[in-house]
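Heads up: the sequence lines are chains U and L, in that order.
Residue 1 is where the first sequence starts when you use the numbering used here, and the numbers rise one by one after that.
Residue 1 is where the second sequence starts when you use the numbering used here, and the numbers rise one by one after that.
Some hints could be false.
Now the stretches of chain L that chain U is said to cover, found in silico as 3 or more residues with beta-carbon under 8 Å [what the hints assert, rightly or not]:
id, region
1, 230-241
2, 337-344
Cross-link-like lysine to any residue pairs, in silico, SDA-like; alpha carbons within 20 Å at most [to be verified]:
id, chain 1, residue 1, chain 2, residue 2
3, L, Lys231, U, Asp183
4, L, Lys232, L, Ser296
5, L, Lys217, U, Lys406
6, L, Lys231, U, Glu124
7, L, Lys232, U, Thr39
8, L, Lys217, U, Thr69
9, L, Lys232, U, Glu124
10, L, Lys217, U, Ile70
11, L, Lys232, U, Ile70
12, L, Lys217, U, Ser71
13, U, Lys406, L, Gly78
14, L, Lys231, U, Asp125
15, L, Lys339, L, Asp218
16, L, Lys99, U, Ser72
17, L, Lys232, U, Gln73
18, L, Lys99, U, Thr39
19, L, Lys99, U, Asn37
20, U, Lys406, L, Thr116
21, U, Lys406, L, Glu119
22, L, Lys99, L, Pro73
Chain U is faced by these chain L residues, among others (derived, beta-carbon under 8 Å) [unchecked claim]:
id, residue
23, Asn62
24, Lys99
25, Ala120
26, Phe126
27, Thr286
Just so you know, the hints here were simulated from the structure itself, not pulled from any lab data.
Each residue gets a CB set at the ideal place from its N, CA and C atoms; glycine is no exception.
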Amino acid sequence: MKIKRIGYSLCLCILLGAAAHGCSKSDSGSGNQPALNLTGGKQGQAVGFVDVDGDGVLDKVVGSPYATTISSQTGAVLVYKGKGAAAGFSTIPTTVMTGDDNLGYSFVTIGNDFAVGAIHGDGEDVSLSGSVTIYQGGSSGQIVKKLSGEWPLDKFGVSLASGDLNGDGTQDLIVGAPFNTNDPARYQGGAVYVFFGPAYTTTVKLYASSTAGGLGWAVAAGDVNGDGTHDLLISATGSVLVFYGTSAAFSPDIALPDLVFKSAAAGFGKAIAVIGDLDGVAGGEIAIGAPNAVVSLNTVTSRDVGSVYVANKNGTSPINLDTAVAGPGGPLITKLNGETLFSRFGLSITALGDIDGGGKSDFAVGAPTQDVDWNILSGTVYVFKGEDIAAGAPWANTSAFDGIVKDQSYGISLAGAVLSGPTTTANALLIGAPRSNADTGGVAMVDPATGQTVAGGSSGGSSGGSGDCH
Amino acid sequence: MVHKIIISQLLIFFLLVFAGDITAQTVVYDASNFSAAGRLLQPVPAGHTPGKDNGPGTGTHNAGEDCGICHTPGGKAGNFLFTIGGTVYEDRTARRTLKGAEIIIQDVNGTVISMTSNEAGNFWTFAPIASNPCAISSHGSTTDYLYTLNNGVCAPTVSPSDSRTWQYKTWVKFGDQVRHMATIAPIGGSTASSARMGCSMHHAGMGSRGGLWGMKKDTLASYPSSSLSFKKHILPIFRNKCAPCHIPGSTLTRLATRSDVDATAGALTMVDYSNGQDFTSYAGSTAGTTVKIGISDLTVGYQSDPDSSPVLLQTLLQPSGTVTHAGGGFWTPADGDYKAIRQWIAEGARP
């Protein structure tokens with residue numbers, strides 16, 4: 001195992017009263033946004049990249065679902081203007097969006113648009129159900145549509161994903177609601193919804209059933225079977241269910257998934273990502289996190305170490321990843337284990353594309369409760385090279401980006417992007433650390449290929465009123 | 001939770017519900033009232049110093065996480081073992097943590113343990129909790145008798161330090177508000193390796209029972225004065241305040257001690273802490289063989305006198321401190337939640 005370790009701290013900036021620093025819009029798209037109190041706001045619970053202001057450059061998006069305003073409204077999305085590959089990002093938010101309760105808990109891009117979850121948001125005919133607001137990209141926060149859960153406390157919007165599931169050329173939005181109860185016999189069994197773009201009015205609903213419970217905690221999309229259409233992946237208790245997309249009517253049946261991955265590993269399916277091609281065969285490989293998995297470390301049985309399974313469709317469903325023999329052809333290509341007790345390796349996963357020109361897709365894995373030296377629960381993010389995975393040496397050139405302040409939960413959320421500038425491009429990995437500074441939170445950004453920091457990439461709030469960025 | 005502290009072991013079901021303005025008096029509990037029937041509402045202990053058993057350290061990390069994952073033997077913080085720990089929130093939605101709540105435990109020997117929540121809402125203690133030598137562990141469908149009988153006397157098969165044998169009652173107090181544990185903990189997990197105590201395992205924002213809550217607070221920021229919608233205004237209240245107990249499916253308390261077994265000549269005594277009511281739905285529910293009435297059954301027909309509807313009458317805080325509802329009082333007539341439900345009933349309690 002050869003791991004290149006790189007430590008980063010979060011830039012500690014005071015963002016209290018961010019409005020005074022040039023923030024421009026609220027989610028209504030007009031007027032001055034209220035002053036924010038980001039103390040305890042958990043900046044970095046969700047992170048992403050999207051062109052919010054329409055200048056053709058990706059902006060940095062940071063969810064702060066527990067930020068408060070003077071009206072006690074909870075939750076905000078902070079947007080930091082992108083300046084291009086080399087110049088990075090503004091150091092203070094240029095746009096702050098507020099809205100329903102706990103806005104910023106989750107984030108996903110939908111083509112050029114984006115959606116943000118507010119897990120205690122309201123609908124037109126229901127309160128506290130959770131809501132998801134879809135914003136038009138390039139509009140500085142104009143709302144396309146607002147969706148909501150079916151019942152109070154469904155926590156609609158805990159998980160989000162997007163993909164073109166019906167092959168019509170537009171991205172569809174996938175929303176998880178893990179506390180939904182559709183059947184009294186399956187109290188809080190969860191639900192997953194698909195809203196077809198571009199109107200998001202037609203919906204597919206998948207509810208917990210006798211064969212699949214615990215829905216809604218993780219969702220993903222990508223082309224798993226290589227037919228050119230994105231497929232739907234959802235977590236269920238002890239399994240990940242895959243429903244193949246189709247250019248005909250996409251109407252999945254929870255009882256009839258096209259492909260099932262199973263494992264007894266604790267927390268199996270809490271993170272799912274279609275990471276791209278590793279085996280040279282049409283259809284992307286899948287990474288499935290089991291962050292609570294028990295692993296033997298130096299012969300000591302250790303809890304919550306966590307594992308990540310890299311797998312593909314090449315097996316007879318249901319595919320038991322606990323008994324499958326790892327190999328380059330699949331269905332289990334490799335199983336990665338965390339390094340330390342209670343690191344929760346695999347709580348987050350994101351695809352990065354081929355960041356090093358190695359010809360295979362690379363990906364990042366978060367272990368947000370890993371101790372780093374004496375800093376407990378600071379967290380680590382690993383970047384794995386696709387070519388190493390394919391060659392059967394997954395840790396050969398792995399980079400590890402360590403948090404260096406205790407209690408950061410560094411890596412609880414991840415997002416990758418290619419930043420474009422006038423003459424250059426650069427890879428970027430945005431890392432959320434929502435528990436930094438007593439839950440005020442923050443984010444860091446690195447080039448996952450070089451390990452270099454990105455200008456303006458780090459931001460976060462100080463709980464104690466100290467200092468400027470340093 | 002704080003690293004350098006203790007651990008917990010024991011999965012506990014803190015079904016904490018609002019107990020209202022309970023008369024303050026000290027009651028010493030013994031094994032007899034840790035029976036199924038004895039698990040119901042009891043007065044909160046008084047006369048102690050709040051926070052006297054707070055664990056050391058700052059403890060502002062990982063609010064809402066299950067402390068017992070790390071603070072357990074063999075865990076990451078295995079040298080700092082909590083006996084109990086958790087996080088308190090303003091309400092069940094767990095949108096905001098609550099500082100200054102008091103968490104009170106009285107164990108089977110009558111010892112009172114008091115903790116106060118810090119700025120992160122966290123609380124924890126090292127204080128030992130007494131063991132019941134006749135403890136029975138039950139979790140899910142598994143029941144494990146942790147004793148054998150020797151001439152009619154319980155002979156424990158596990159150590160008293162095994163948290164599966166700990167027994168106690170619990171209250172959360174904030175200002176003049178008290179919420180109590182309506183059901184006694186089922187004495188941890190079914191196996192020693194999984195037995196541990198951490199309130200947030202179930203009582204957290206993403207826990208199955210919602211946040212451990214301590215504040216008398218309206219569910220929604222505001223309500224219209226008329227034309228209230230069941231789904232938009234009323235059901236959120238029921239799901240926020242009633243759902244820990246009044247949910248679909250089986251809500252029978254689980255075995256805790258030998259007294260549960262012996263209470264009726266060997267027949268198992270259990271209490272349905274939902275009282276056959278599912279307040280997550282308007283019409284009630286059927287889940288397997290469990291049939292429960294719903295909100296409509298206790299509100300429709302009270303249009304002319306909504307205050308007499310059981311959902312309001314029995315949950316009203318009484319100036320005398322008496323409480324009709326076994327789960328305690330929830331509100332006064334001046335509270336927004338009460339007024340909203342009252343108006344909705346007066347308008348016909350329509351779905």
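Structure-based check of each hint:
| no. | hint | result |
| --- | --- | --- |
| 1 | 230-241 | holds (count 7) |
| 2 | 337-344 | violated (count 0) |
| 3 | L:Lys231 <-> U:Asp183 | holds (17 Å) |
| 4 | L:Lys232 <-> L:Ser296 | holds (16 Å) |
| 5 | L:Lys217 <-> U:Lys406 | violated (34 Å) |
| 6 | L:Lys231 <-> U:Glu124 | holds (10 Å) |
| 7 | L:Lys232 <-> U:Thr39 | violated (30 Å) |
| 8 | L:Lys217 <-> U:Thr69 | holds (19 Å) |
| 9 | L:Lys232 <-> U:Glu124 | holds (8 Å) |
| 10 | L:Lys217 <-> U:Ile70 | holds (18 Å) |
| 11 | L:Lys232 <-> U:Ile70 | violated (25 Å) |
| 12 | L:Lys217 <-> U:Ser71 | holds (16 Å) |
| 13 | U:Lys406 <-> L:Gly78 | holds (18 Å) |
| 14 | L:Lys231 <-> U:Asp125 | holds (7 Å) |
| 15 | L:Lys339 <-> L:Asp218 | holds (10 Å) |
| 16 | L:Lys99 <-> U:Ser72 | holds (17 Å) |
| 17 | L:Lys232 <-> U:Gln73 | holds (18 Å) |
| 18 | L:Lys99 <-> U:Thr39 | holds (15 Å) |
| 19 | L:Lys99 <-> U:Asn37 | holds (18 Å) |
| 20 | U:Lys406 <-> L:Thr116 | violated (24 Å) |
| 21 | U:Lys406 <-> L:Glu119 | holds (18 Å) |
| 22 | L:Lys99 <-> L:Pro73 | violated (29 Å) |
| 23 | Asn62 | holds (7 Å) |
| 24 | Lys99 | violated (11 Å) |
| 25 | Ala120 | holds (7 Å) |
| 26 | Phe126 | violated (19 Å) |
| 27 | Thr286 | holds (6 Å) |
In this structure, the earlier hints numbered 2, 5, 7, 11, 20, 22, 24 and 26 are contradicted, and the remaining ones agree with it.
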